[in-house]
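Dock chain V against chain W, hints included.
2 protein chains.
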Amino acid sequence: MDIITTRELKERLGELQGQEVTLRGWIRNHRKQKNMGFIDFFDGTCFRNPQVVYDNNLSGFNEIQALRVGSAVRVTGKVVPSYKDPETPEIQASAVILEGDCPEDYPLQPKKHSVEFLREIAYLRPRTRLFQAVFRVRSVAAMAIHSYFQDRGYVYVHTPLITGNDAEGAGNTFTVTTLPPDRQGHPEEDFFGKPTSLAVTGQLEGETFALAFSKIYTFGPTFRAENSNTKTHAAEFWMIEPEIAFMDLPELMDLEEDFLKSIVSTVMEKCPDELKFLDGFTGGGLLAKLTALKESRFARVTHEEAITILRQAMEKGTDFKFEPTYGGDTAKEHEKYLTEEYFHSPVFIYDWPKEIKAFYMYQNEDGKTVSAVDLLVPGAGELMGGSQREHREDLLISRMNELGISTEEMYWYVNLRKFGGCVHSGFGMGFERLLIYLTGVDNIRDVIPYFRTPMNCDF
Amino acid sequence: MDIITTRELKERLGELQGQEVTLRGWIRNHRKQKNMGFIDFFDGTCFRNPQVVYDNNLSGFNEIQALRVGSAVRVTGKVVPSYKDPETPEIQASAVILEGDCPEDYPLQPKKHSVEFLREIAYLRPRTRLFQAVFRVRSVAAMAIHSYFQDRGYVYVHTPLITGNDAEGAGNTFTVTTLPPDRQGHPEEDFFGKPTSLAVTGQLEGETFALAFSKIYTFGPTFRAENSNTKTHAAEFWMIEPEIAFMDLPELMDLEEDFLKSIVSTVMEKCPDELKFLDGFTGGGLLAKLTALKESRFARVTHEEAITILRQAMEKGTDFKFEPTYGGDTAKEHEKYLTEEYFHSPVFIYDWPKEIKAFYMYQNEDGKTVSAVDLLVPGAGELMGGSQREHREDLLISRMNELGISTEEMYWYVNLRKFGGCVHSGFGMGFERLLIYLTGVDNIRDVIPYFRTPMNCDF
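Protein sequence lines correspond, in order, to chains W and V.
Heads up: the first sequence begins at -6 in the working numbering, then just goes up one per residue.
Heads up: the second sequence begins at -6 in the working numbering, then just goes up one per residue.
By construction, these hints were calculated from the structure, which means they are not laboratory data.
It cannot be assumed that every hint is accurate.
Note: identical chains are not told apart, hence a pair may lie in one copy or across any two.
Claimed, not checked - Lysine to aspartate or glutamate pairs mimicking EDC-like chemistry, simulated, CA-CA at most 16 Å apart:
no., residue 1, residue 2
1, K325, D435
2, K325, E402
3, K411, E92
4, K361, E348
5, K411, E97
6, K187, E80
For reference, chain W alone in the conformation it holds in the complex (with noise of 0.2 Å):
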């Protein structure tokens, strides 16, 4: 008789009919009758659990009966068909034996827990079916990511997370040091003989390995010290960056478009009993969002032509809190319209004013905007950025000049431009946002395992 999991159990159900299973697991409600009882049981391998039923025919029935939620357990018992749900497996139990007990005071009895009280109990909250469900689609996100890349050739590279370079602009960086505090402000005595901070992206690297493999990714975390206490900002979080040599901006849309609703099919495939729980614990419209996602053409406007729309909506009597201003930045509000009542369909923006973009964005020859596209999705907002990258070295320096950022320090990424530069692009998402997306769930704290957030570092 074989030891096996909830997920071969469901996966071989038929098969396992009328056989003797042992399973090994906890105990999530415990409901006894006079006679019976019925155990709620799951190991975390599979969203769908089996309910354990016991009678007092079995030897230990008092001690069974006395089992209380939380303790490990393990179970053997003979496959059942269900009355309730002929797709949920039921073991009637021929033992029980407890693996490891839980007092009465175990936080996660079973009835509804707030968000916030499971946040403070971050070390147990996988345990709840809601976290169960998110952990599981972030694990199958995360290899839908990294399959989605390598069947198509990228290469995965990891790039470094401590740093020297403090290219994307100084501030909102955390700081690595070893020195002790009073030789703080001496960093040629420390680790690395320089200041050095954790990275806020991988892209600069990732240019240099794209112009080698011309066709790579990144998957790593990625850290930003800003002090915002928001539903979307995270000090620590992960991030994904392709690059692509000999690709340009409109090459990217296309890639943008086929990753995104490749990612979405293969969670919606693989994770169906999840999303559907996170469906109904999100208020409904999860699943509808995501197959309309699949099924939908993503727009492409470019900055000047939605500034236009949204000045048009705005005349025809849409009240927006801030106005949208050509060579100016949108606002959520913008976002919300362009994706959700004018295109109902994602939207890709591209051609943005050069000023509020970065300095490594290709500039276009209308001496203006730069190839910069932002992904906007309904329900969420921006989901990707990416660009064409600025190749030709002359401009490219010009720009730094004009922004301050030191060519002497960078002269590695400036150089990828005189060895062999071409066109090239890649974009940025962040995982978690993807997360927010994919589950509904609509707090940055409860799509990572231990949020950082301004005064919170635990566990």
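Chain V only, in chain W's frame:
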């Protein structure tokens, strides 16, 4: 006519014979004769690169002959049989168009460069054959690891990098701070309101997820502020840490053995050209070593048995610099003897003296040892370290007290034992250590895209 990659060219070589294709990539070498020329072309998607042949019938012959090594080019031509090697594609060019120029003083001229020189130009070294091989193996091995666990129902967990824990023992960590130099030493004013550092392990948080999902793994960066300049130490490296509920030590060894053989098999299958090159580059023996590993049965001995074997060897005349002692750690020379001379196979050494192992390891009945296991492999020494975890609350607490580790600060880790705790085990493997083993390249600086070591934080 399609634009294809060299990988597609290799995979579809038969079908494409006689067809015209376009490729985009770089010139690695350019040999010129009076009436023709040969370009060693690469785009990084494939290790087996085509040769581009052109002759003076081609319009622009003189301009093409002037193309320099390192330049980015677009090549169009007919796929023709190669005289040299039927598996190496050859392109009879009908057009070679410069996409990005490269000057005479390009550092990567077609001659042998030392690895030390290539580290100085780490942003260009991925274009060399050595690093094309190494970093593709890195990417393929990373994917093989993800696939191994995901195929077996493990959940991928991103454990936090910034941590307030100091559980593995003080020192050797990087401090993370946003305080200016003159406010250091006032952690209450810092970003998280307390002292924080970069994580040295994700295991403890991993355990919290294993007791919710049964089988989990981590794969992320890890940091050590060790001031050691050896071939195997880096301040920033990637680590894999699976953790499995209801698994004991013998089962953990089964897992480690199966896992390692599977990764080696996958890399051998997916990177035959790269490994063949690396085998030659590293002096031969790499492929034989990897093949032997796949087919070997890993030996299993207790620490005590290992010491007995070593002492017997010493008595018979083996010259060790360090005396093997019961209760003591083993030295590199001992590991070498056990794997390469005694067992001729990988060796698990288990049941280690508890004084030299970590607080969280399962305390054996003998009162002297813990259920820890190190995996030693021929040619690389220790590759994995694991243990069954102490799941008995009282024994964990008394061990933490003995070692002065705060049970109050680590309340959540202790509580895991109280709330449905169960037998569980896990191991850790340094990803770069695996890569040193897989590639035969013996310096950690050469298997990481941008290495961080004392006084080195470039790019």
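Indices of hints not satisfied (ascending): 2, 6
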